[in-house]
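Please put together the full structure from these sequences, using the hints given.
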Amino acid sequence: SQQGEEDPQALSIQEGENATMNCSYKTSINNLQWYRQNSGRGLVHLILIRSNEREKHSGRLRVTLDTSKKSSSLLITASRAADTASYFCATDERNQGGKLIFGQGTELSVKP
Amino acid sequence: DTAVSQTPKYLVTQMGNDKSIKCEQNLGHDTMYWYKQDSKKFLKIMFSYNNKELIINETVPNRFSPKSPDKAHLNLHINSLELGDSAVYFCASSQLAGRGEQYFGPGTRLTVT
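Chains R and D supply the protein sequences, listed in that same order. Under the working numbering, the first sequence has 37 at position 41, and the numbering climbs by one with no breaks. Under the working numbering, the second sequence has 22 at position 23, and the numbering climbs by one with no breaks.
These are computed hints drawn from the structure, not numbers from a lab. Fair warning: there could be bad hints in the mix.
To be verified - Okay, derived cross-link-like pairs now, DMTMM-like style, lysine to aspartate or glutamate, Cα gap no bigger than 25 Å in a straight line: (1) D/LYS39 with R/ASP3; (2) D/LYS39 with R/ASP79; (3) R/LYS66 with R/ASP3; (4) R/LYS66 with D/GLU100; (5) R/LYS95 with D/ASP37; (6) D/LYS66 with D/ASP37; (7) R/LYS95 with R/GLU13; (8) D/LYS39 with D/ASP69; (9) D/LYS35 with R/GLU103; (10) D/LYS35 with R/ASP3; (11) D/LYS35 with R/GLU49; (12) D/LYS8 with R/GLU103; (13) D/LYS43 with R/GLU13; (14) R/LYS95 with D/GLU100.
What the hints assert, rightly or not - Computed far set for chain D versus chain R, every beta-carbon distance over 12 Å: (15) MET14; (16) LYS18; (17) SER19; (18) SER67; (19) PRO68; (20) ASN78; (21) SER85.
Unchecked claim - Restraint ranges, calculated between C-beta atoms of paired labels, are given here: (22) R/SER105 with D/GLU52: 41 to 47 Å; (23) R/ASN18 with D/THR12: 18 to 24 Å; (24) D/ALA2 with R/ALA77: 23 to 29 Å; (25) R/ASN34 with D/THR12: 25 to 31 Å.
Small disclaimer: the values here were computed from a predicted structure and weren't measured. Don't be surprised by glycine CBs; every beta carbon is placed ideally from N, CA and C.
What follows is the structure in structure tokens.
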């Protein structure tokens, strides 16, 4: 079943601006993860937030998780042209053997 | 050093053929996965193996058969290829099932004509 729903589907910003992407899901989770995919490449893991955490930072990335609303957001601060990629949230559902359910992704375009 | 590698990177074949995609990870991980990404970039899990044992088998046609000769390798064999099988197939691995991030291979773009 498709779990994550992301919005916006596409986001275009100028270098230096912040980018915010949102993800909603439907069931109980162990953790929620964000991945980046550059065009024609595999996915790269960015950050993982556990179900008992509310916020996490990694460099220019900030992730929040609201389990009561079953939603998460990814904020990329001071964006760069190199951040242009597709960003996916993925939920690790409870008792599902580590199966990740991916959202449909947000295509981020950062213009120099 | 490549952590998760897949071969081939591109595969073009005709309907009805049988083909295999190979995956290897050198991370010492116990769990490996196959995902399918369609033309709209939707990514869906197909199979997962933990230490050579099948633990996840999503609703995938029987024409798809994974094989894990050892915990560092997970191959995907596809029989009687159909046009709808055209997609990018990604292999991934994680240290343990359900324990954190997954590391993805570069993908195999399969085109069935």
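Hint check for D/THR12 and R/ASN34 - Cβ pair distance inside 25 to 31 Å: 26 Å, holds
Given pair status - R/GLU49, D/LYS35, alpha carbons within 25 Å: Cα-Cα ~30 Å, so violated.
Hint check for D/THR12 and R/ASN18 - Cβ pair distance inside 18 to 24 Å: 39 Å, violated
Holds or violated: D/LYS39 to R/ASP79, with C-alpha atoms at most 25 Å apart: 20 Å, holds
Satisfaction of hint between D/GLU100 and R/LYS95, Cα-Cα up to 25 Å: Distance of about 11 Å is within 25 Å: holds.
Closest CB of chain R to the CB of D/ASN78 still more than 12 Å away: D/ASN78 is indeed farther than 12 Å from all Cβ atoms of chain R, at 24 Å.
Satisfaction of hint between R/ASP3 and D/LYS35, Cα-Cα up to 25 Å: 22 Å, holds
Restraint check for D/LYS35 with R/GLU103, where alpha carbons must lie at most 25 Å apart: 19 Å, holds
Status of D/SER85, Cβ more than 12 Å from any chain R Cβ: 16 Å, holds
Pair hint D/LYS43 and R/GLU13, alpha-carbon separation not exceeding 25 Å: 32 Å, violated
Assertion that D/SER67 lies farther than 12 Å from chain R (Cβ): Per Cβ check, D/SER67 is outside 12 Å of chain R; nearest 15 Å; holds.
Given as non-interface: D/LYS18, partner chain R, CB spacing beyond 12 Å: Per Cβ check, D/LYS18 is outside 12 Å of chain R; nearest 20 Å; holds.
Consistency note: the structure conflicts with the earlier hints numbered 7, 8, 11, 13 and 23.
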